[in-house]
Each structure stands twice: as structure tokens, then as C-alpha cells.
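**Q** Mind docking chains B and C on chain A? Use the hints.
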Amino acid sequence: MSTTIIETGGLTRNYGDICALKPLDLKVPEGEWLSVMGHSGSGKSTLLNLLGGLDRPSNGSLRVGGEDMQGLTEDGLARFRREFVGIIFQQHHLIPYLTAVENVMMAQYFHSVPDEAEARLALERVGLGHRLKNRPSELSGGEQQRVCIARAIINSPKLLLGDEPTGNLDHKSTLMVMELLKELRAEERFTIVMVTHNPEVAAWGDRTIYLDDGILVREERTRS
Amino acid sequence: MSRPLRAIWAVISSRATSPLVIGVFLLIYIVLAFITDDTLIALMEYTRTNVLLVVLLALVPLNSGCRIVKETDRHLKLRRALAGKSANDPSGLFDESVALPVPSSFDGLSGRLAATGYRVRCTGGTLAAWRGVSIYPVRVLFLAGMFCLFAGILVSLTTRTTHRMSVIEGEPLPTATGGGGLVERITLKTGAGPILAKILTMDVAPSDSGDGRKVFGLYPPSLYRGYFVYPRYIAIASIIRFSAPGGQTAYEKQAVMNIYPAGKEDRVEIPGSPYRILFSMIQPEDGSDPYVTGRITYLFKLMNGKEVIFAGSLPVGGEFVRDGYRLAIPEGKRMVITDFIQDYGVLLVWGAAIFFLAAGCIWLPVTIFLPRREMLFVSAPDNIHACSRSEGGGRKHGGVFHEALDFLEAGMADRQPFDGGSAEK
Amino acid sequence: MVLAKLAPHLLSWAGIVLAMGRGFSGRRSVVAAGAIVGFPLGVAGACLLSRAYPGDFSFAIIRDIVGGSFLLLWGGAVAAIYSSTVREFPRSWGERLANSPFCAGAVALSSGMIAGAISACRLVGTYNTLPPFLLLALAASILALAALAVERALAASFPVSHSGLMASVVALLLFSASSIIRLDLFSPLTMKLMKFSHDFVHQFFESMLIPDHLFIRTYLWGYIGLLFGNGVGFWGALILWFTPAVLVALAIQWERLPSVAHIRQGAQRRRLLATGIRARRFRLVIPVLAMVVLAAAVYRSRFPSVEYWDPKPLPISASPSGDIFIPKKGDVDLEDGKLHKYLFKQGGREARFFVLMTPAGKLTVDLDACAICKPDGYGQAEGTVICYYCKTLIPLETVGQPGGCNPIPLPFTEKEDGVHIDGLTLLNMWGTNAQSTARVKGGGK
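Residue numbers (the working numbering), protein chains in the order written: chain A, 3 to 226; chain B, 34 to 458; chain C, 231 to 675.
Calculated directly from the structure, the hints in this document are not laboratory data. Please note that a few of the clues may not be correct.
As the list claims (entries may be wrong) - Below, in silico cross-link-like pairs of lysine to aspartate or glutamate (EDC-like), each with a Cα-Cα straight-line distance of 20 Å or less:
1. B/Lys366 x B/Asp299
2. C/Lys558 x C/Glu646
3. B/Lys231 x C/Asp442
4. B/Lys429 x A/Glu126
5. A/Lys160 x A/Glu190
6. B/Lys366 x B/Glu298
7. A/Lys24 x A/Asp214
8. B/Lys297 x C/Asp442
9. B/Lys429 x A/Glu118
10. C/Lys645 x C/Asp553
11. C/Lys568 x C/Glu627
12. A/Lys24 x A/Glu9
13. B/Lys429 x A/Glu104
14. B/Lys222 x C/Asp442
15. C/Lys542 x C/Asp561
16. B/Lys429 x C/Glu485
17. A/Lys160 x A/Glu189
18. B/Lys222 x B/Glu202
19. B/Lys231 x C/Glu436
20. A/Lys160 x A/Glu69
21. B/Lys247 x B/Glu217
Unchecked claim - Not everything, but these chain A residues come out facing chain C in the computed CB check (under 8 Å):
22. Gln110
23. Val115
24. Asn157
All residues carry an ideal CB built from backbone N, CA and C; glycine is no exception.
If we strip away everything but chain A, and leave its shape as in the complex, we get:
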């Protein structure tokens, strides 16, 4: 029986009078690929931010990897983000004046110490062995997203969060990134929570939940 990596109970997030996430009960077993769908403003990114320790819940309980997120101090949250989570954004947020390998090393630096050989190996794993010394502007959108994936997995996270990682990519690149994530998950056995608008992308997950106005309205298992 697989262990639960994410467990929420009545998880709520308010921004003033606006309730972005209404009491949410969710369990995600370790190793699962969970897709989160919903319209804009449905609370997808709020949920992702809470899971990644980027934001704190207003109410309810949230346990990720056995950690009670509300009990964590700012330092604890920072350590959690550093060691437990990898995040891939729609906007790549790569540092424009650093090369691909240096961008990956930057994540190592904030985690512990940089190691160029390991960063190079990570880029080779995502098929960018030939683009190590290129800056983001010299890479295509798909390649940039693969650098982001290398950056996200370099610290061996238990939980990989994706916020519309293929939102800016064409169809071919989207498939390539999805294939890569699938392959890496098989090797590294991390859990993926991916927010997307795209039902095709959501279908790569094991399970999809649908949020509407901050409420979990539906969930369905993907037929493999």
C-alpha cells in the first residue's frame, strides 16, 4: 500500500474577502501524477502555491511529505521548498545571462553546493547535452522548458509541481516535455501535481481533479 504524500483537510485560502480556495479535502498517494484542471480563477494556482510552501493556508490542515505545513516556521518552509519540492512554471523564469548549465547550478547553489558535473548530467538526461553552454535566449521554448525540468529535478524532489508547464509550447514540444516527465517519473519515482487548462496534457496524469470557484467539483481516473 502506497503512502500518502499530500493530505488536506478543509484546506482554505482567503485573500481578504475573497475565498480563493474553499474547504478542500484531498489525498495524493506517493508516486501519483495528479492533474488539476479548472477555469481561470478556480483556485488551481492557489492550491499549487499551498502545496509548494509558497503560501500558507488560511484554515484547515495541510500535510505534505508528513510535514504539517502550518506548523513550519519561515525557515522550515524555506528548507521544505529547498529539499522537497521542484517547481516548473509556465514562464520559465530562467536567468537570461546564465547558460543552461549555470541555471541548473543556481538551483544547486540554493539547495546546497553547486556541482557542474551533476548539472551537466541532468541536462543530458533531458536531452540537452549539446546545449549546455547556451543562454536561454538561444534555446527554443521546448528546450527552455527542459532546462526548467532539469533545474526542478536536480535536487531530487519528492514532489514536482507544474504550473501550466506546457502553456507556452506548441503541440510537438508539449508532447516532448510530457514524454520526458513520464520517463523521469519512472526513474526518480517522484509525485507530480500539474495544473493545466489542456485536457490532453491532463490526460498524461493518473488522476485529474477539477476545481471551480475554489471547490473540488469532480475527479476522474485516467484510463491507461
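**A** Below, chains B and C without anything else, positioned relative to chain A:
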């Protein structure tokens, strides 16, 4: 090797021995500093006369020699290991070693290491990779320098003999055993280089004892019959004739006058009388050096006790007569007060300086630009033994080594990197 | 008032206890006992010593003990650097000893005794009753307990290595000693080093058969002459002063990181390395602080808070026969134990000298110069005269004896009414000693 011998070897070849010995001498220096003001001289004297301290000091060159042997042995073992010729476990020679419980081929690995700038050699079940230049030759040079320096100090302290002699133009070279060649000429010239202001040479004719013609300069000092000829001071050897009124005091003697450079005073006591004469050299108006030109004019002051009787000047070969006093200087020869020093430790210290200089010149660029990094992978039937070392630290090398280990364990030699996927679910 | 005087010593003591508490974190009770017993013992020892040997001797003993601790730090620092950089360095027995309760107790006791003795020296001579000394011991005990309480509250991730502990304790002892002019080590170190440099250059030239200054270019000799100046003494002493703490810091910086080759996950490897590096950085804090404390000790040594008695030289002349007479009870009282300076001028030549009544009750007449330094003269402070050039302290008891940086004694005749000095002898002695040092050394004030 028996146990006592092993213990002795461990002590004399330990890296801690030399600093400890130097520390002991430092402590003795500090203790002596409380007792005397001339501490360094006292320490040298004390060491020279104390067998225990001589033996202790001898430990430093001995230790340096043993270190050379030990480090050479280690270096050769390392080379053999990297060449895949060592039958022994090489772990002790490296900083890090690890056994990977996966048999694997080195095919992909050699290419990867070569791509990161390592030179790779694959022999049988061994893969060695290295880059940079070993610090070993620098260590040997440094240790040789230490050996020479302390052996030189030891030899100097225990065997140095010094004879201070007056080398006078036109007279035989004084030596400890006598029979030196004739000093034909002493020349003092103005130096042209950045270091010496004056250049002194002493030309010595062949002697009856079989010594050849010699020209002694200032530096490096020349050897004469096993003695270094070390010129110390310049002086004038003058014959002085003096007589006082009444004829009771008559004096003639060759006197050594330490009156160089012009203006410096020296005095000659007239034995058995209250007279003494203060001499100095007059500085010629044209600015020339009287020692160089040989045109020496003496300025003298005849004194009876504290009372000055008269003063005047007198050239070489001249005579001064007044009130019944007669002073003549028929001869004034160039002269050099010279130390004849027998001390072969000096050669060793010079050698040490060369060794240290060479070591420093190699060490700096090697450490900065070409630090040595080594890796060794030895394949066994059920595992791979991997070792790594880097001179002067260097985490980057550690990263490459660990990546190579990851690569081997993941069996990635046989695995292709991500090629873009099948684009199908 | 007493406590205000003792503030630097008590602060140093608190720092020492805090460092020891952290350095021997498993042995806090032993450290507390050693410290609380050691300090009063040191105070009592210093009091007894100063009663048995009034004058400079008791100070000299305590200063030598502090000097001994500095030498120990040197030894420890060299051992630390070897331990970090040499694989085969035998370190197990040393570690066993350092971790033993005996070591913790011995360090706490001896540090307490030295700190107590130094602090008591501040009171010796000024206070002759028991209460100030009891107050000192009591304040030190309370501070020790408070320091240990503070230490307990410090984060566990802030460790102190054994070499770092050594550096901090010795640095604080040196700082404490530097507040008392007769216990200060830096000035004598400067002086000894200046002398060593002089002797070494001389011996080196002789040993290597290098030609004398007669043959060397003047500019080059000028550079060599720098090695004889007090700049060499000062900078060399600074190097000797700070090197042990720097070596301790380097030893920590060069400590090998844990081997991570057996770990097959990069992030885990890096995390372990980062932990090692972070721990190393924390351990560096104490040696760096020790350097700051050592710098403060140098500052106190160079700019002591004591006021010097620095009289202006009084012009004086000789009789036609060349005799200089100074009455014992004239404008100045020669027997008041203060240094009285005079300036004698004759025929374009001049010389400076002073008259002083030593604690033994003997009058002494000396040149206002020594045989080594540039003749910047002497001032008087706290039972000593101080050479302004090299800052060496000369105990009043030894003024009148020749050698080293002591003022050069001058022959004189003491009569009922005053002292008689031969003017020509004075001028000649000044000419042969003071003027030659002024020419050779250069620099100075």
C-alpha cells in the same frame, strides 16, 4: 622491518618531526632571550657546543631525506596503480575510495572523462584518468632545499673555522699554513651593477707551494686552499717613522691604519711614550678615491696625552719635521682585512636557495593553473573499486568523480540520453 | 570604582568561560568548577607573589606565564594545521586527551588562575586591603556562572573546535594582560623581534660571506637598513601575534569534508557537503573573533590608557672645569622617585640624560637613550620607564644597569648636596651610543 626499526623510521620520516625540532630551537631561543641580549649568537654558540642539540638539529636534514624517500615511494606506488600494474589495494594512496556493487564496462566513461579534460588510460580491468601536473617534483625540490639548508647550518655551526688576515699589496698572501703566493695587485673600482658600489680584486701570483694564479673578487667568494677568501674591510698598511726631541723616542713600524674611507680616523700609539698619532686620509678635491688612485695624503694629529702638539698633512713618501719632532711615512700600501673561512656549509645553503627558488617557481603555476587530479577505477568480477585524489582540494574534481560513479552505477554506459521521446503516450 | 577598573579583565574572563563552556560542551560542570576555583586561586597567588617579591619580579612571572600560554597556542595552531592537511598526522591521542574531563578541568583551572592573577595585578599596589580582592573573586565567580548560562542558551549549531577554544582563551588572556602595562606582551615582543632581525641580518651576512656595507650601493643598504628599524619589530610582532589565530582559522578552513563517494544521489551528496561546509564556517567564527580580540590587545599595547610622566628636559650647563652639578633639593627634588630629564649643550654638541631615584633608594644617572634604539628617550609609568622608540618597559629596579633597551648608565659622583657628572664624558657617551643608533636606525617617532 622489525618493530623498533619501524618506530624509528616512523619518527624520522614523519612530517611532524622537522616542525617539532624547529619548535624546540625556538623555545631555546626564547629562554635565552630572557638571559642575554645577543640571543642568536648565544643560541649558535650553545648549539655548537652541545652534542644533544647538534643531534637534534641533524634530525631536520635526516627527516627531509627520509621524507624524500617516503614520498618517492608513495609517488611510484601511485604511478603503478594508475598504470594498472599494482596488485595491492590502492585505497590508502587516494583521498576517497568506494566500492560500487555493480560490474560495468568503462566504455562510455572514458569518453565522458576525456570530454571534461581528463587524460584517460584503459588497461584491462582498470581505467585511470588524470589531469594537471603532480606536485611531487616540487615537494622533492622543497625537501632537498630543507635538507641542504639545515645540513648547511649544521656543517657551518660545527666545522666553521675563521682566520682574519691582512692581505697587503706586494706581500705574500697570508694563509693559515703559510707560503701563499705574492699579492701582486689590489684594485678597487667603482661598480657598474645595481648591487655593488665598489669592486675589489686581489691578484695573487702562483706560489712556491704549487697554487696557481688567482684573482679574488667580492662575491661569490673564491676558494684558496680550501678556505673562502672573504674581504671585510679596506685599510692602508703604512710604515711610520717617528722620533721626538731628545732622541729618547724613536719608532719605526708597519702600522695597519683603518682610515678608509677618507675622513675616518685611526690612531697609532707610540709604545713606551705618551705620544699617539691620529691619522686620516684627505679627500682629494677632484673627488677621486685615494685608495683607487693610490695618491694618498695623510692628515695627522700628534698628541701627547690629551694635548695636541701639532697637526699637519703628509703624502706617502713624505716627511714632516717641526720642533724636533720627525714624522715620516716612507711607504703606504693598499691592504684588505680578509677572513679566510673554511666552511662548506655555505655551499649547501647556496644549494638550498637554488632548490627553494626552483620549487617556488614551479609550485605557483602548477598550483594555480595545473593542479593534479586523479581517478582510478578497478573492475572486479562483482564490483568496481573507485578511488580519487586531488592535490590542493578542488571540489569540481570531486563532482566529476561522483558523476562518474553515478554513471557507472546507473549502467548509463549502455543507456541513451533523452532523445525527445516517441511523442506518443 | 574597583569594578570599573577591572571591567576589561572581567569581560575577558566572561568570554573565556563562555568559550570553555562551548568548547567542552559535554563537561560544563567540570568547567564551572575549574573556573570558579581557579580564578580566586589566581587572585590569591598574585597577592602572595607580590607580597613575597614586591616590585617587577612578581609581574614578570605572571607575564611569562601568559607568554607561555601564547607559546602553547602557537604549538596548538601548528598541530591543528598539520592535523587538517596531513593525512598520516597522529591525531587520535590528542583528540582523546582533548575530550577527557581531565583536560577540561585543567584548562578551566589554569585559565582561571591566569585570568585571576592578571586581574589581581590591576589592584596590587593600589589597594592593600582584602575587600577589593574578595570583590574581584566574587564578581568573577558570578560572571562565570552567568557566562555558562548564556552559553547554554546559544544555538547548538555554533560549535567551538579545540583549536578555536585555545585561540579564544589565549587571545582573551592577552587582551586582559595588555590592559596592564607591566603584563603587556606585545611591546617586549616588538623589541625582541627588532633585536632578532638585527642579529639575523648580521649573522646572515657573515655566514653567507656577503660583502659589508662598504661595497654595497647606498640605496640597497638603505633597504637592508629597514630590517634594523622598529618597523620590522612592529610588523614582525604583528605577524607573530596573529599567525596562531590565522593558522587555527586555516586549519578549520582546510579540514577535509566528509567523503560522499558512497552516496549515489547527487542532492544528498551535496547536502552532506553543504552541511560540512556550514559547520566549518560556524567553527571559523571563534578564531576570527580571537583575531579581533588580539587586535584590541595590540591597540591597548600601543596606546595604553596610562598617563606617562614625560618631563621636558631642563637645560643645564657645566662649570669651566667641565663638571655638571645637579643639587638634590633644588628646583626639582631628585629623590622624589620621578624621572628628571636634562639637556646639556656645549660647543655645538648636545646630550640628554636623566636622574632617577630607584625604588631601592639609589640615585642613578643615565643617558636618555639606549644602545639599540633611536634615541627617542624614556617616559615613566607604573613602576617602569618606557622606551618611546620600541615601547619596551624597563622596570625601575633595573634602571642603572646596562644592556638591551635599558638606558645607558652614566658615571657620576653622588655627594651630600647633589650629583656631579663629567660633561665631556656625557657628550662622548652620547656621541658614541645615541648618535650612532640615530644614524643607523632612522625612522621612529
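**Q** Work down the list of hints and note, for each, if the structure agrees.
**A** Status of each hint after checking the structure:
no., hint, in the structure
1, B/Lys366 x B/Asp299, "holds (16 Å)"
2, C/Lys558 x C/Glu646, "holds (8 Å)"
3, B/Lys231 x C/Asp442, "holds (11 Å)"
4, B/Lys429 x A/Glu126, "holds (18 Å)"
5, A/Lys160 x A/Glu190, "holds (9 Å)"
6, B/Lys366 x B/Glu298, "holds (17 Å)"
7, A/Lys24 x A/Asp214, "holds (10 Å)"
8, B/Lys297 x C/Asp442, "holds (16 Å)"
9, B/Lys429 x A/Glu118, "holds (7 Å)"
10, C/Lys645 x C/Asp553, "holds (13 Å)"
11, C/Lys568 x C/Glu627, "holds (13 Å)"
12, A/Lys24 x A/Glu9, "holds (15 Å)"
13, B/Lys429 x A/Glu104, "holds (14 Å)"
14, B/Lys222 x C/Asp442, "holds (16 Å)"
15, C/Lys542 x C/Asp561, "holds (14 Å)"
16, B/Lys429 x C/Glu485, "holds (17 Å)"
17, A/Lys160 x A/Glu189, "holds (12 Å)"
18, B/Lys222 x B/Glu202, "holds (16 Å)"
19, B/Lys231 x C/Glu436, "holds (19 Å)"
20, A/Lys160 x A/Glu69, "holds (13 Å)"
21, B/Lys247 x B/Glu217, "holds (10 Å)"
22, Gln110, "holds (6 Å)"
23, Val115, "holds (5 Å)"
24, Asn157, "holds (4 Å)"
Checked against the numbered hints listed earlier, the structure breaks none of them; every hint is satisfied.
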